[in-house]
Amino acid sequence: MEIASKYTPQAVEEKWYNYWLENNYFRSTPDEREPYTIVIPPPNVTGVLHMGHMLNNTIQDVLIRRARMRGYNACWVPGTDHASIATEAKVVAKLKEQGISKEEIGREKFLEHAWEWTHEYGGVILDQLKKLGASCDWDRTQFTMNESLSKAVQQVFVDLYNKGLIYRGYRMVNWDPEAKTNISDEEVIYKEKNGKLYHLKYQVEGTDQYIVVATTRPETIFGDTAVCIHPEDERYQWLKDKEVIVPIVNRKIKIIQDEYVDLEFGTGCLKVTPAHDHNDYNLGTKHNLDFIDIFTDDAKLNENGLHYQGMDRFKVRKEIEKELEEKGLLEKVEIYTNNVGTSERTGVVIEPKISDQWFLKMADLAKPALDNVMNDVIKFHPPKFKNTYRNWMENITDWNISRQLWWGHQIPAYFYGEGSEDFVVAMTIEEALTLAQEKTNNPNLMQSDLKQSEDALDTWFSSWLWPISVFDGINNPKNDEINYYYPTQDLVTGPDIIFFWVARMIMAGYEYLDEKPFENVYFTGIVRDKLGRKMSKSLGNSPDPVELINEFGADATRMGMLLTAPAGNDLPFDVELCVQGRNFANKIWNAFRLIKGWEIDQNAQQSSTQATAVQWFAHRFQQALADIEHNYEQYRLSDALMTIYKLIWDDFCSWYLEAIKPNYGDPIDAKTYHSTIGFLEEVLKVLHPFMPFLTEELWQNIQPRKTDEALIIANYPTVKSFDETIIKRFANTQEAITAIRGLRSEKGMSPKEALDVFTENKTDDLIFVEVFKKLGNVQELLHEQKPEKGFAFRVGTVEFLVPVTDNIDLDAEREKLTKELTYFQEFLQSVRKKLSNEKFVQGAPEAVVNAERKKESDALEKIAQIEEQLASL
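In our numbering, the protein residues as written are 21 to 893.
It is worth saying that the hints were derived from the structure and are not from the lab.
Check the hints yourself; a few may be wrong.
Unchecked claim - Have a look at the derived ranges for each label pair, beta carbon to beta carbon:
#: 1; residue 1: 560; residue 2: 346; range: 41 to 47 angstroms
#: 2; residue 1: 305; residue 2: 387; range: 26 to 32 angstroms
#: 3; residue 1: 744; residue 2: 497; range: 21 to 27 angstroms
#: 4; residue 1: 460; residue 2: 497; range: 31 to 37 angstroms
#: 5; residue 1: 346; residue 2: 323; range: 21 to 27 angstroms
Said to hold, decoys possible - Straight-line alpha carbon distances no greater than 30 angstroms define the calculated DSBU-like cross-link-like pairs of lysine-lysine that follow:
#: 6; residue 1: 767; residue 2: 705
#: 7; residue 1: 767; residue 2: 691
#: 8; residue 1: 335; residue 2: 116
#: 9; residue 1: 272; residue 2: 352
Treat the numbers as computed from the prediction; the structure is a model and nothing was measured.
For each residue, glycine too, the CB sits at the ideal point set by N, CA and C.
All chains, please: the whole structure from these sequences, using the hints.
In structure tokens, the structure reads:
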């Protein structure tokens with residue numbers, strides 16, 4: 021085989037991905053093996069791969085590939101979410117470009133366009149995941165609007181309604197005027213915005229006196245139905261039982277009293293607009309006030325806005341300020357900063373609005389979901405997210421599950437009259453008709469008298485069933501697949517959807533299968549740039565993952581993502597990490613080329629140096645493997661990768677291969693060669709989950725393989741015992757070799773010049789002498805006739821001396837060492853001064869104090885070394 025001089029990922033990645041697919045290595049069906057299951061967090065069908073997706077799916081692929089190699093029946097279920105708001109917005113925009121409005125063509129025709137759009141553009145992200153190397157069972161690809169999943173959603177809605185857990189209510193919601201739907205509290209993002217605080221004058225009825233009310237939203241005065249004061253506010257006791265006149269509107273409204281009013285904020289008088297403020301809604305309900313809706317669905321003033329009807333709310337705000345000033349009803353305006361709720365989906369400012377919505381009672385569903393996380397039946401990694409989860413679950417509110425959208429799962433409620441209770445809930449219109457006839461005691465009611473709810477369900481109402489519905493566990497709760505694959509093992513997700521999705525999946529699992537949906541939840545961090553900013557398209561600081569893959573290769577990109585990706589902590593990403601990944605790939609490739617380039621001599625004897633190196637690496641590999649496996653157990657994948665990186669780069673490619681390689685032009689003995697091939701196969705196995713393409717390419721070319729052999733299904737190494745004494749002795753040898761190489765460089769000695777080294781101590785138990793002599797280019801290790809002058813270095817407590825050669829200027833060496841000694845002595849003095857300061861030691865963080873103590877001990881060690889060197893010259 022002719023081996024290319026450089027690894028070219030573009031030449032191998034498509035080849036091996038197709039090979040894995042053709043051999044069905046990703047496919048899973050129930051069998052006698054123990055299952056290991058992951059369900060993908062379904063990305064939006066509208067989406068394309070971004071850095072967060074790449075991190076999340078790389079982690080999942082690492083876990084699933086390792087499980088597959090460990091003999092589990094590995095099943096990774098892919099799929100996409102229909103993304104009601106995002107998809108509908110894209111379809112509406114596309115139709116708008118063609119001069120078509122959603123309302124003109126009606127629901128049925130609009131849904132045809134939505135499906136057409138989904139088939140044309142949806143699924144792009146899944147193809148991109150294939151470029152990343154994601155080993156999903158693509159035959160199992162699901163979509164949350166697929167027939168079986170849709171049926172499951174409808175069935176759960178009907179079931180929960182029949183259990184009395186779903187109800188319809190006229191409630192205050194967060195209205196998104198751009199998407200024209202309500203959104204949940206969790207989808208409201210509060211942003212600090214600069215605005216104004218307007219002090220408006222409300223005339224007291226029957227007097228020429230005014231009270232002043234402060235508001236940030238003067239356009240809402242058209243919905244005012246009261247002014248509220250605190251019952252203990254001495255300033256306004258005279259207003260009891262009086263009425264005031266709303267500016268411009270000229271509507272008389274009453275004064276109410278409630279302790280809710282903040283005595284310190286504004287003027288102490290609060291305008292109450294029950295239909296357009298969450299807190300005012302509570303006051304309105306408590307004091308039985310009128311609710312006046314003043315906005316259209318796109319946040320323009322409706323007929324209640326008088327002469328501002330049809331004008332956008334923010335334009336009204338500017339215009340009404342002028343009108344109030346002209347009429348002498350604006351006392352003053354102050355610059356004011358406050359937190360404004362915006363839609364996570366569209367970014368627009370949300371508008372509190374009252375409407376009829378569907379809600380799911382959460383208190384009972386939340387209890388087992390809370391208990392089983394807090395008692396670690398379901399484990400969070402890192403566990404710090406348990407507190408976040410607990411706080412939300414203990415204060416959970418009912419889930420608003422309806423959305424005013426057409427794209428999505430249409431709510432299976434059928435209305436037969438105008439009253440708020442004139443509806444039935446059923447899986448089909450035929451069932452609904454029977455229920456409606458029974459409810460109304462009217463056998464003459466016909467299907468044409470029924471009208472299905474226009475609302476769709478919240479997207480999360482389908483994805484909360486995901487670990488169950490992908491195995492058809494709602495429609496067929498005892499089927500073979502749900503019995504085999506559920507509960508799943510690991511969920512990998514971002515903490516930003518811990519409430520939207522993670523908590524709700526746990527609730528659904530216990531409600532419908534009386535079982536957890538997964539054993540572990542691995543929370544990834546946020547991908548940030550090297551300045552610490554969250555990566556986003558708007559900031560222009562986020563690279564395109566596909567472009568990274570095209571430039572560096574999938575393996576290098578995966579490695580770049582995971583080198584600094586601790587669970588739950590943010591990832592400081594820099595493209596240089598991908599460069600490091602590419603360099604690592606080339607390092608392994610070159611090691612492979614070196615090994616395969618050796619000629620094998622079946623009759624040659626293994627040298628003692630080679631035998632020692634083989635013995636050492638066997639134990640070092642097991643030590644590293646134990647560390648890797650421990651990190652996997654703790655879900656510290658970044659640490660596991662770093663251990664593998666050092667094992668391969670330092671231990672195998674550098675120390676081991678250098679120790680065993682034959683002299684230039686000489687063959688290698690068969691015993692050492694076969695051991696080396698075995699080690700290479702083992703390190704490729706532990707690296708495969710992280711860098712699957714490169715490792716499969718090398719694995720297939722190390723030695724002849726059977727047609728059914730592949731690294732992707734090779735047996736993963738298991739941890740065996742290892743001798744720490746051998747590992748420590750070799751580490752000492754490495755230290756001695758590094759020291760003598762450092763001396764050569766520092767003192768200008770030729771690396772080709774073989775040196776004698778003296779030590780008074782016995783070194784057989786300290787270092788491997790033959791390895792030291794070969795890699796340190798040491799001629800003899802002497803124990804007698806200590807040289808008068810020499811350069812000293814120390815390994816542990818043992819001192820070594822390299823005799824001074826004639827070409828060394830000793831006076832210059834002493835001067836240089838004396839300067840170094842002075843520097844470190846002064847440095848030690850400054851550190852000790854700081855440590856002798858009680859205020860610093862008592863007041864500084866423990867980590868800071870410990871860092872100073874470490875500086876002190878390092879300086880003392882360095883001073884001792886320099887003094888030894890001076891004494892030996």
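Each hint tested on the structure:
Our hint of 41 to 47 angstroms for residue 560 and residue 346 holds, since their Cβ atoms are close to 45 angstroms apart. Against the hinted window of 26 to 32 angstroms, the Cβ-Cβ separation of residue 305 and residue 387 comes to about 27 angstroms, which satisfies the hint. Distance hint for residue 744 and residue 497: a CB-CB separation of about 52 angstroms, inconsistent with the stated range 21 to 27 angstroms. With their beta carbons about 33 angstroms apart, residue 460 and residue 497 fall inside the hinted range of 31 to 37 angstroms.
Distance hint check: the CB atoms of residue 346 and residue 323 are about 23 angstroms apart, consistent with the given range 21 to 27 angstroms. Pair hint residue 767 plus residue 705 does not hold up; C-alpha atoms about 42 angstroms apart against a cutoff of 30 angstroms. A hinted pair counts as satisfied when its Cα atoms are at most 30 angstroms apart, and residue 767 with residue 691 does not qualify at roughly 39 angstroms. Of the pairs offered as hints, the one joining residue 335 and residue 116 holds, with about 24 angstroms between alpha carbons and a cut-off of 30 angstroms not exceeded.
Of the supplied pair hints, the one linking residue 272 and residue 352 holds, its CA atoms being roughly 23 angstroms apart against a limit of 30 angstroms.
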